[in-house]
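Undergrad: The residues making up each chain are set out below.
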Amino acid sequence: MTARLSNNEVVDRALETLRSGRVATAEVLVRDALSGSVETKDGALEVVTARGERGLGVRVLDGQRIGFAHTSDLAVSGIEACVDQARRMATITEPDQDLRIATAPLDSVDLDIYEPGLENRPLADRGAIALAVERAARAVDPRITHFRKTSYSDADVTTVIATTQGVRASYRESFCGAMTSAVATQNGERQIGYHGEGARRIGELDPESVGTRAAQRAIEKLGAKPFPTQKLPIVLDPWMAMSLLGAISPLFSADNVLKGRSLFAGKVGDRVANERVTIVDDARRKGGLRSAPFDGEGVATTTRTLVDRGTLRGYLVNLKTAGKLSSAPTGNARRGSYASPSRIGPSNFYIDAGTDDPAALVRDLGRALAVTSLLNLHTIDPVSGEFSLGATGTYLEKGTAVHPVQGITIAGNLTHLLSSISGVGTDLTFGASGIGSPTLLIAELSVGGT
Amino acid sequence: MTVRDVERALRTALSRGGDWAELFWERHETLQLVLDDQRIEDAITGVDQGAGVRVTSGDQTLYANGNVTDVDDVMAIAGRAARSVVDGSGLHEAARLVPDELSRPHSVAIDPRTVPVERKVALLRLANEVARAHDPRVSQATVSYAESVQEILVANSDGVHRTDTRVRVNFMVQVVAKDGAVLESGFEAVRGTLGFEMLTEDAVRDAAESAARRAVLNVGAQPAPAGTYTVVLSSEAGGTLIHESVGHGLEADLNLRGLSVYSGRIGEKVASELITVVDDGRDPGQRGTAAMDDEATPTQRTVLIEKGILRTYLSDRKHAEKLGIPRSGNARRESFRHLPICRMTNTMIASGDSDPAAIVRSVKDGIFVKKMGGGQVDVVSGNFAFEVTECYRIRDGELAEPLRGATLVGQGPKLMSEIDMVGWDLGYSTGTCGKDGQGAPVADAQPTLRIPSVVIGGRVQ
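The listed protein sequences derive, respectively, from chains A and B. For the first sequence, our numbering assigns the number 450 to the last residue and increments by one with no breaks. For the second sequence, our numbering assigns the number 461 to the last residue and increments by one with no breaks.
No wet-lab data here; the hints were simulated from the structure. Quick caveat: nothing in here was measured; it's all calculated off a predicted structure. The beta-carbon is built from N, C-alpha and C at its ideal position, and this holds for glycine as well. Warning: the hint list may mix true and false statements.
With a Cα cut of at most 20 Å, we get these calculated EDC-like pairs of lysine to aspartate or glutamate [stated by the list, open to error]:
#1 K149/A with D436/B
#2 K435/B with E39/A
#3 K149/A with D125/A
#4 K259/A with E41/B
#5 K322/B with D179/B
#6 K41/A with E321/B
#7 K324/A with D42/B
#8 K364/B with D396/B
#9 K149/A with E334/B
#10 K149/A with D59/B
#11 K259/A with D206/B
#12 K269/B with E444/A
#13 K398/A with D356/A
#14 K324/A with D36/B
#15 K259/A with D36/B
#16 K414/B with E189/A
#17 K259/A with D96/A
#18 K286/A with D352/A
#19 K370/B with D206/B
#20 K41/A with D141/A
#21 K259/A with E129/B
#22 K149/A with E39/A
#23 K370/B with D425/B
#24 K267/A with D179/B
#25 K435/B with E334/B
#26 K267/A with D308/A
#27 K259/A with D396/B
#28 K398/A with E444/A
#29 K231/A with D364/A
#30 K259/A with D37/B
#31 K324/A with D37/B
#32 K322/B with D125/A
#33 K286/A with D112/A
Taking beta-carbon pairs under 10 Å as the criterion, some of the chain A residues facing chain B (in silico) [to be verified]:
#34 G57
#35 D96
#36 R148
#37 I192
#38 L258
#39 G260
#40 S262
So here's chain A without its partners, still in its complex pose:
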């Protein structure tokens, strides 16, 4: 066996190959991840997985042309081949004068995103967390009869970035998460409830809360009835609001704005949401699930208010779009993996807490629908902003649950949704994807049904 190169040696070797090939500007990223997961079924451990993932991504800027290559072969020959391929790719693309490789040195900053020792935890500890989730769910109600899947997973990830312009930095982060889909049964009817949570530290993950909420989500749907087509006020609890907020984030991408694919183009300084709404992207949130000191291009991350009490203040910007907009990069080049180039995206992206008591929001309404699940979120078109989703919900009168409903749709436009937010709760909650929201009241939406 040839000696395994360390992450830093892989980066050094890639930089050296670039230098000897007279490549003036390039960026190199190594990601090294160890992860483990367990799945349980009806009180026993069913699947145990251990994963190691390590690879290199090289981005070459040859004049004004960019090329990208990646490899999982980290022997010297593999690294050299990867650099060669990145150079070859740069001969295919067309010039863009605003392309840049990071040059600004990075400061070290502790974002509280790493807990050592997670990957060495005994298997029994991992299993115990998943089993605690199942137990908590069953304890909610005897009608919780099955689980579609319950799992616990954790990961320890190191990222090293370097550019030919002298930027070099690394960080290490940890993740742990638990999720379950609990099934409730009553008189032949079955309903499923999903819930998952994530954390940077094991002590911050609450298996009880995961199991309890999933069980409640399933139970609240039992006895669901059809619902007549109508317009009425809609309540989104933090978890439902987060899933819609995730679909809104592409509107803030400077790349989409510049290419005429965002309804927010040319709207900086304009009112784009109800004045109760403030939207923040905070990559420096302590312990945040998407916190990182630098982005996928090696640019320092930032904390920004994108929508300030309803008014659009700015976009999410990477190095290239910063050049085009004559603004500073905001550190929003997100890198999904070593094997893919960065794309503009949010970090910890949230609607700030409001001043309304979540329970009081619905108490004053004669009729309202609280959404309990959404189907087809992946089909929301961020270009048009149009959404039309399958849903289940609970019909409320004066804040009291009357009956659950299923087989309905909710539809509208994302921009209209933002301006129709007529109540914002105090209960800001962050989910496993780093997105956060309080309870939201939407003044009125179209509901399709019978």
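Using the hints, position chain B against chain A.
TA: Then chain B, alone, in the frame of chain A:
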């Protein structure tokens, strides 16, 4: 890796106990080119090589996986899998491997890796030009080309040793149309488990034309109404309906645990007698086609529902054995990073007897769905939703104004028992199915169908 190396890895995997072991090795080469905003913006290539070793011990599955450079890396992964075995009661020997070759459903005429990159770039430019020339309201186009060659080796302690190569191309066109403040997008793809021969100039032109036409049509369309309507689904609409409303519910893993609306119903009537549902992993050139599944079981044509009667489920090794049904070759995994799970390949509703034009004429007031987008199902309740990307109002048996922003929702078994007309035509669509965090390339197909009453999601007028 030699056959002896593979045998050594399987022996290592079973060295601390366990009943059965399997090695999945993969090398995946990819190239992606993207034209956006009139410019070739991205050229991305890479090699992803890795292995996963699975050991089963009683009802437990232990899985270790990672990137590999050489044989020693594979042995290390086998060792990690072995170390996870908790209750190694009794040692099992791995059988001597007997390599064999499976027949291929189709042959690849042109390996995309042999095609000069200039040719690929020329097709991107062609699609961009065709889309932009379609209408002055076309304001943006993104065209991408992706090729992927996945070589796999699957071997297990029963003595199975098989390889497969999946060559895929995926050409996608996304067009934005703008009219005043309204933006709409249109999408079309040409893709399959085939070589570069798929990407003729005509196919690329048609895709660009369709994506542009759809974006322009939608930018001028009225919002779809919300409510309950009679719907005709064109065969051109593709098979998202069968995929979501029935297919997922027939996956054996859900049925073993009684979690699907179709659980325990083999032999029972679960759909109208007009409905026959087939999954065919050998349909030549289709996106879900392969010689074998990711456990080395040969793929096959499986009749799932025959004239309304449920016949079997889509199975992998484990669930076929537990349910006492034949293995159907439907164990699929996204890569070495994942365990295989039961899922669809190319799934279709078989053609019927009705004239498609007569089906439209039979509807006084309804909705004609010409193209479907993505969908999702809650398999436990059977509730599904799918996106409609092109549709029209039907008035007095004729197609009338276009509508945008529609979704169809319903409950699988209920909808399947209500379909009352099935056309003699058949149309395919392609997609990437998501399940348990894994993506898989699939195709779906259906004839023109009439649904007497279904909920349409749109705006309340």
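Undergrad: For each hint, tell me whether it holds in the structure or not.
TA: Verification of the hints:
With a C-alpha separation of about 9 Å, the suggested pair K149/A and D436/B falls inside the 20 Å cut-off, and the hint holds. About 15 Å separates the Cα atoms of K435/B and E39/A, which keeps this hinted pair within 20 Å; it holds. Straight-line distance between C-alpha atoms of K149/A and D125/A comes to about 18 Å, which keeps the hinted pair within the 20 Å bound. Our distance criterion of 20 Å between C-alpha atoms is met by K259/A and E41/B, whose separation comes to about 13 Å.
In summary, the hint linking K322/B to D179/B is not supported, as the alpha carbons are separated by about 57 Å, beyond the 20 Å threshold. Our distance criterion of 20 Å between C-alpha atoms is met by K41/A and E321/B, whose separation comes to about 18 Å. In summary, the hint linking K324/A to D42/B is supported, as the alpha carbons are separated by about 18 Å, within the 20 Å threshold. Straight-line distance between C-alpha atoms of K364/B and D396/B comes to about 4 Å, which keeps the hinted pair within the 20 Å bound.
For the given pair, K149/A sits about 19 Å from E334/B by alpha-carbon distance, which is consistent with the 20 Å threshold. Note on K149/A and D59/B: the hinted pairing holds, with a Cα-Cα distance of about 15 Å set against a maximum of 20 Å. This hinted pair does not check out: K259/A and D206/B have alpha carbons roughly 24 Å apart, beyond 20 Å. At roughly 42 Å between alpha-carbon atoms, K269/B and E444/A are farther apart than 20 Å, so this suggested pair is violated.
With a C-alpha separation of about 16 Å, the suggested pair K398/A and D356/A falls inside the 20 Å cut-off, and the hint holds. As the CA atoms of K324/A and D36/B are separated by approximately 16 Å, the hinted pair is consistent with the 20 Å bound. Taken as a hint, the K259/A and D36/B pair is honoured in the structure, with Cα atoms around 9 Å apart against an allowance of 20 Å. This hinted pair checks out: K414/B and E189/A have alpha carbons roughly 14 Å apart, not beyond 20 Å.
At roughly 14 Å between alpha-carbon atoms, K259/A and D96/A fall within 20 Å of each other, so this suggested pair holds. For the given pair, K286/A sits about 16 Å from D352/A by alpha-carbon distance, which is consistent with the 20 Å threshold. Restraint check for K370/B and D206/B: satisfied, since their Cα atoms lie roughly 16 Å apart, inside the 20 Å limit. Distance restraint check for K41/A and D141/A: the Cα-Cα separation of roughly 18 Å lies within the 20 Å cut-off, and the hinted pair is therefore satisfied.
A distance of roughly 17 Å separates the Cα atoms of K259/A and E129/B; the hinted pair therefore holds under the 20 Å criterion. Restraint check for K149/A and E39/A: the C-alpha separation of about 7 Å stays at or below 20 Å, so the hint holds. Distance check on the hinted pair: K370/B and D425/B sit about 14 Å apart at the alpha-carbon level, within 20 Å; holds. With a C-alpha separation of about 17 Å, the suggested pair K267/A and D179/B falls inside the 20 Å cut-off, and the hint holds.
With a C-alpha separation of about 10 Å, the suggested pairing of K435/B with E334/B holds against the 20 Å cut-off. Taken as a hint, the K267/A and D308/A pair is honoured in the structure, with Cα atoms around 13 Å apart against an allowance of 20 Å. Proximity of K259/A to D396/B is assessed by CA-CA distance (about 42 Å); at most 20 Å being required, the pair is judged violated. Of the pairs offered as hints, the one joining K398/A and E444/A holds, with about 16 Å between alpha carbons and a cut-off of 20 Å not exceeded.
Proposed proximity of K231/A and D364/A is supported: the alpha carbons are some 17 Å apart, at most 20 Å. Annotation: proposed proximity of K259/A to D37/B holds, straight-line Cα distance about 6 Å (limit 20 Å). For the given pair, K324/A sits about 14 Å from D37/B by alpha-carbon distance, which is consistent with the 20 Å threshold. Pair hint K322/B plus D125/A does not hold up; C-alpha atoms about 29 Å apart against a cutoff of 20 Å.
Proposed proximity of K286/A and D112/A is supported: the alpha carbons are some 6 Å apart, at most 20 Å. Taken as an interface hint, G57/A checks out: its beta carbon lies about 8 Å from the nearest beta carbon of chain B, inside 10 Å. Using the Cβ-Cβ criterion of 10 Å, the hint placing D96/A at the interface with chain B is satisfied: the shortest such distance is roughly 7 Å. A cut of 10 Å between beta carbons decides the hint on R148/A: the least distance to chain B is about 6 Å, and the hint holds.
For I192/A, the suggested interface contact is upheld, since its CB lies about 4 Å from the closest CB of chain B, less than 10 Å. Restraint check, L258/A versus chain B: the minimum CB separation of about 8 Å is within 10 Å; hint holds. At a threshold of 10 Å, the smallest CB-CB gap from G260/A to chain B is about 5 Å, leaving the interface hint in force. Taking 10 Å as the C-beta contact cut-off toward chain B, the hint placing S262/A at the interface holds, the least distance being around 8 Å.
This entry does not satisfy hints 5, 11, 12, 27 and 32, going by the numbered hints stated previously.
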